[in-house]
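Q: Need the complex rebuilt from these two chains, each delivered in its own frame; the hints are there to steer you.
Those protein sequence lines, which keep their order, are chains A and B.
Using the working numbering, you'd call the opening residue of the first sequence number -7 and step up by one each time.
Using the working numbering, you'd call the opening residue of the second sequence number 28 and step up by one each time.
If you are wondering where the hints come from, they were derived from the structure by calculation, not from laboratory data.
One should not assume that every hint holds.
[To be verified] Derived pair list, reagent style DSS-like, types lysine-lysine, alpha-carbon separation capped at 30 Å:
id	chain 1	residue 1	chain 2	residue 2
1	A	K194	B	K377
2	B	K69	A	K204
3	B	K70	A	K204
4	A	K206	B	K70
5	B	K246	B	K377
6	A	K194	B	K70
7	A	K173	B	K69
[To be verified] Pair ranges (Cβ atoms, derived):
id	chain 1	residue 1	chain 2	residue 2	range
8	A	K160	B	K103	47 to 57 Å
9	A	E159	B	P96	47 to 57 Å
10	B	I154	A	K194	22 to 32 Å
11	A	E30	B	S48	50 to 60 Å
12	A	K194	B	I166	37 to 47 Å
13	A	K160	B	Y132	17 to 27 Å
14	A	N212	B	F73	35 to 45 Å
Glycine included, C-beta positions come from ideal geometry on N, C-alpha and C.
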Amino acid sequence: MKTFKPRLIILALLFFIINGCVVKSLFPFYTSNSIVFEKKFIGNWIDTEYAKWNIQPFQEVILKENNKANPSELDDEQFALYNKYEKAYVVYFEKDSTKSSFLAMSFKINNELFLDVTPIEDKEIDDNKKNNLLYKIHLIGTHTLAKFDILNDNQIDINWFSSEKLEKLLKENRIKIKHEKVGFWDTILLTASSEELEKFIKKYMDSKDEDKWKTDVEFNLTRVNE
Amino acid sequence: MNNRNPQLIQGQNHHTLLFNSVLWFCSFTILLFIFSEDNSPKKIDFIYTISFLATIIIPVLFNLYILIPLFLKTEKYLLFVITFVLTIIVFTQLNVWFFDYFIDYLFPDYFFISYHSNSKLITIFSIFLLGTTLIKLSIDWFYFNKQENLELKLKNQQIEMQLSLLRSQINPHFLFNSLNVIYALALEKKAETKDAIVQLSDILRYVIYDSNTQRVSLKDEIELLKNYIAFQRFRHLDTGNVTFNYSIDDTDFLIYPMLLLPLVENSFKYGIKGDINHTFINITLIQKGDELHFNIENNYSDNENESNNHSGLGNENIKKNLEIVYPNLHEFKIIKTESTFKVHLKLIQK
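If we strip away everything but chain B, and leave its shape as in the complex, we get (with noise of 0.2 Å):
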């Protein structure tokens, strides 16, 4: 949003000759039925026009293309106003010495006599020159408007690619140690491995289609981690001491889809695997109005490489997606013991 397009500073955002092309035809038009006595424009009328025009033409320009630009859209508004009104002051007196002297050597033949006092004519001038900034400020709203949304519209892509990019991380590295999981289990002819492969299908439909959405229930992501935790049984053999114990008000709470997928998927993967013997997973979900609360804690190895695994690169796609899906309505904390590993994270509804 602070990359803001420097033509918009410029005053350069629209296409110049079209718009001074639109903006004089008008101005003629207007001006030759007002100075026309019966609305039925003679030669002398379009001569007194053009010239007219002629006059006021370079008083706009030089306010729509050196005082706006040098004077308004740098916020030096006092300057600006000063410089307006003595363009407006010093253009009406040469408007009144053209119709005076110069237009009787241009147009010999035509008397130009009773036109506008110099009370009308500063009150035409400033009409004109106000008229045409405000113009010129509405057209640069314009383009500001639209390229304000085409920047955020770009931002929401990146958002939207970067979203995108966090959750294939995540993806492969489930999918590679389900499939070992399985491979492990046909290997030993276990009557489990079609429970095996049903749920791991109901964790790939969910990963697969409902993680797409922008939010999914409560409810379907409780289901997800259920099967995830009973499909990670089957690979350790009950060996590990699992809980998920949640208290939920609603339901249909939302939340971004596949975020605490990577958490438990985690603790699986360094808990379990880290201490054999004194393995645990304790898992509690609490959500109550419009606030979340999931806590992990599991068996922590003194093995500093996996350590290092455990808080590393998981943890840090996870953060990522809290700042963008969550931000300033999250918490995220590690607490580390010498035997445990905790992650307590909190969500704030929208």
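In isolation and in its complexed conformation, chain A is listed as follows (with noise of 0.2 Å):
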């Protein structure tokens, strides 16, 4: 056992840097009532640690990836993702050599727009990773909240919330919502319903805390022109 402890560590220490510093949550935080689309926020955008994002309309993609033309060609399956997802943003994420897509949704709250973000498979990123079938199994997708501000046509900032402040509320006993802990490490898990969550984020934008919205995990986009 002795020669698993430093690899523990390091785990743990992953773990923080990586897993435990977002909100994580079952199910949206946004409504039906509460998504707007934002053309802003298509097209390629580098961050400050030179990582591409490139944000595409889901309903390009869905056409795109099962190559149609129309909507109408769309198997029903498909057709009612097109359907469901038509505000909806495909985030592809590039770093250091590793891709990653996600599925984003932005929605106003009180006059202020929120992105919810939650990863889908990939077709082409998929192909490329040809070992993790098995893992990928007992994987399911969380939904992150990120405060999204568009400054300008060329700019914009998204701050993840940091799982901090809600980890101290819920410390102080200050709030009531459900929530588990889950996993090796007893990442917190919200299982509030998308109602609960928006009643959560309205409140919590009334706090008197003036870093509620910092982050560790956040990141500067400039439009890159192509």
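A: As structure tokens, this is what we get:
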């Protein structure tokens, strides 16, 4: 067992760096009433650490992946998805030769923009990973919440909601929200409904904490002119 | 029984403060543990429970002190059901608004996010309002029952007092007559004086001790009548023709004490006294099964004043007595002719 200890410590550090810093939820943070589509978000972006962000409308991606020109040509399942996520975006994130894809939904609460992000499978990315099927079947995508600020046509800030803030509220017994502690590291997973999550966001926006959106996971994106 | 306590109708039959203190303390304790996640209530649980109770107290009090007295107790059941359901719906919605908006102003540092769905809230409000209605009705029933028992006790006491009064009307009258008889015998220095005293003693013992019981055996009552008739013979010197015939199936047949004696007493008083030459008293007593028939007939004086007395106070007392101790289980008939006065009494054992 001794030989595993250093590895466990490294894993723990990795967990806290990568996994433990944003609030995760089983359900989306938005409801259908609050969704808005921001055309300005579409395009290619680069962040301060030179990671590439490619944002495309979900409807375009689903047509392209299915090699269809019109939505009517999609099969029933794909057509349902096409309609369900009509205002969603697909975010392709590429950093240090790693690629990942996400489904993002922008929504407004009290005139402020937020982004709900959840990982999705992408055909192109998945084809390059041939040995992760067994690993993948154990995973379920969670939703994360980010404060989304469009500064101008060429600059966007995305600040993920820090789990530290939620953990503090829970620790101080100042919040009653459905959640579970899951996984090896007792990660907090919100299990509240989307309506309850919106209620929480509204209430949190009104809180007096000046650093309420302060986070370790923040990105300043700049549009890349092609 | 008809004079129900008006407090029962108005719903003020309990100590309001005590009732509400117990009700809301118990409700608070139960809800606190229901709303707490791990049975160890935190400050936020106390705040939430108190706030939740604040939203449920108003509809419950409204139901207890307005809807129930106004509609349920006045038998307007449909109105009660409609207003009851409306109360649940309206106050459930008010609870939602309270926790969506107002709670943030009261407790800005707390986040009350995941609690109850609308259907669960309606269920909680319904259980609370139904439960408190049932508790209120149970308490009302308890007080109502207590009040009814108290009224029954009072009525019994009244009856006892009335019966005691009726008996006391017999005793002095009889004693006065009896002492006159013994006095007359003593004046004449008759040898029968001692027998008369013994018979009077037996009669008085019966009147004083046995007549205070609820029921006596027919055998004892017959013995009393026999003693009384024998005693009266001393007074009237056998001038009257007095017969007493009886046929009894069951000597332990129970009757109310001192019921027959006043009738015999009246016959001696007015019959023997009324016509000294043709006096008679015929008494028959037949008991069979559950029924007892008592007939007494005596000669009747045409004297107006006395005839009025004969059917007057004494018989009225007997009638009152019968109505109390044999309600709907007796017949009492007075048959008068020019020269006879007859009373028929029928008793049915309960």
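Q: Please write out, lowest number first, the hints stated earlier that are contradicted by the structure.
A: 1
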